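On the provided structure of chain A, position chain B as indicated by the hints.
There are 2 protein chains.
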Amino acid sequence: MPTDPAAITSERSVVLQLNSTPAVQAAVGGLNQGSGPRVVPGRSIPVPESVSESFQRTIAMPYRDSEWKLDPPDAAGWRQAVAGLAAITIPAIEQMQSQLGVNVSETSIAGVPVFDVTPPTVRPENAGRVLVNTHGGGYVFNPGRASLLEAVVIAASCGIRVLAVDYRMPPDHPFPAALDDAFAVWQAVVDGQPAGTVGLCGGSSGGGLALATVLRAQQAGVALPAALAIQTPWADLAEVGDSLRTNEWLDSILVSYSAAPQRAARLYAAGHDLGDPLISPLRADLTGFPPTMLITGTRDLFLSLTVLVHRKLRRAGVPAELHVVEGASHFQYFINPFASESQDIFTEMRLFLDRTLAR
Amino acid sequence: MPTDPAAITSERSVVLQLNSTPAVQAAVGGLNQGSGPRVVPGRSIPVPESVSESFQRTIAMPYRDSEWKLDPPDAAGWRQAVAGLAAITIPAIEQMQSQLGVNVSETSIAGVPVFDVTPPTVRPENAGRVLVNTHGGGYVFNPGRASLLEAVVIAASCGIRVLAVDYRMPPDHPFPAALDDAFAVWQAVVDGQPAGTVGLCGGSSGGGLALATVLRAQQAGVALPAALAIQTPWADLAEVGDSLRTNEWLDSILVSYSAAPQRAARLYAAGHDLGDPLISPLRADLTGFPPTMLITGTRDLFLSLTVLVHRKLRRAGVPAELHVVEGASHFQYFINPFASESQDIFTEMRLFLDRTLAR
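Residue numbers (the numbering used here), protein chains in the order written: chain A, 12 to 370; chain B, 12 to 370.
Extracted from the complex, chain A is given alone in its bound form:
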């Protein structure tokens, strides 16, 4: 039963003054006297002062209506939505690329289009190293050069060469096309150089895809990455994790799982079981995984997924480390990579890669 939006809008005056006074404490306490779901009143949550002013401005940004609410009626509608978002994203990425002095050239590996992304200066310790990237975008968005935000920022921040896989996506190529492409590139890269010098990184859907690529490599007896850097992974597509509810409306990037993410999950799986570990690697046995770093934010819709992957890796004996960015929504440190919080987390990634990759 849909709620009348007017009823919510008319609540705004209540929402905006709902500070925790004794009267409010009595009322909300009364609603939570029994066991079960937690009743949380409507609130206006201020921009936190516990982050830098630069990151405060990023946290304060409004929902991005070009993404979170998308609900295309059919394949043609999805293609149009993907192209529309790419038209916004690509100029922003090109500006970032130019600002950071990163070079991008197009190539192909194992028949899959790949971007070869090199920073203005490769750090000496990274001279022979390379990082394969599986980009985010809900397995639907960010084709071609729209995929490059992560690769550009990571290449520049860590001073390392990145090979960004431009894998196939739905509506034309659902699961397992993306995984087939990512694995084909992975296999070719570790055929060509010692696996100890190669890392794998990915965020959001690309984080789930990176985990699935390691699973596929394990199954095929192919060398694993020496380091796995995962940002806020979409590690289970079947609506898993407490933060999908607790951070709903707080995460200004994903906003609500019931909007675009749920639709993207169905589009990617295309009738396959969402519980398949190659679609939802949180359900896989993660024994034998390489050293892994995980990054998320306190307002991230995928905070729980990140935490659950971390715990599962640790229980499997994998050296896995977790880093959480105060106040950050899903992937938000990539949107403002210049904030001190973002610089801090990219420094962690650089040091992690240096600890785990061979020279």
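For the record, the hints were derived by calculation from the structure and aren't laboratory data.
Everything numeric in this text was worked out from a predicted model, so none of it was measured.
Just to be clear, a hint being listed does not mean it is correct.
Looking from chain B toward chain A, a few residues come up when the C-beta cut is under 7 Å (computed) [unchecked claim]:
#1 Ser31
#2 Gly40
#3 Gln44
#4 Ser46
#5 Pro52
#6 Ile56
#7 Pro59
#8 Ala71
#9 Pro73
#10 Ser77
#11 Val251
#12 Gly252
#13 Trp260
#14 Leu261
#15 Ser315
#16 Leu319
Yeah, the Cβ is synthetic: ideal placement off N, Cα and C, and Gly gets one too.
Positioned in the frame of chain A, the structure of chain B alone reads:
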């Protein structure tokens, strides 16, 4: 301006059906079209299915009205509230102690009362090791045997001897009495055995107090702990951290910072500057701190404080690791230490101590 509680109660029918339908998405999206605070509608947040059934029952538990709302009018009122809570807590701890086979004896170190807490079996690697514990309770609650929950659970889970400091507290002994006592015990313990074999642990206010004790030891040139195990630290008493707002009403232990925590902060500081690093060690230079593990939960009111301490330690070059328990409110894994999530996190603590303490 206090909100009329009747207005909130009457919203319940709206709150309970506020799923993320297109109509709701349009309404909430409209409220978040500008930069600034995030407007989050009232919701009923279900108990997550992403944790064990045992921990689901713990998460589902109602607010504990004996603690979070306390607002005594004067010192006599505080003494009565503290005694009232202890009368509930002590029998529960004694039952836990008996169930786990933990032995507790009373002693004193440097003139400070201390409980010597020993597990039924000390693990062989912990034979010469000891863990000093500064208990939680907002610097006000849990005097005497009411302090023993952490020490009993940790001693049994990690198979290690714990010395639990029964430090002085307000209203009779505000800051810096607790710190003076904790430091006096610390100094005496490391006078008596190699500091490499001694760890320090504490949660909530006890986590802040443990951090402050390390600062005091640094200032005094006294040996530091070889390992620091901190649970969800109250590392800043001046209302710092985004999760104080984002997890308000979701955390079923602390519930709302504006209730008991804020009052306890004022009572402890007793006119001292809340920004004093010995009261709010998040503000201190943490360079030179020992290897540290930090634990929090996704619903914890102090999620942000834990994350901020972790980041600050890492930036200072300290080997610090972060562990987050899915769905957990403040300190909630101590309330049900038998859930698999709790066992998992106590295993982490045992392994951390074994990695960092000398034999």
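(request) Sort out which numbered hints this structure fails and list those numbers smallest first. (result) The structure conflicts with hint 10 only, although it agrees with all the remaining ones.
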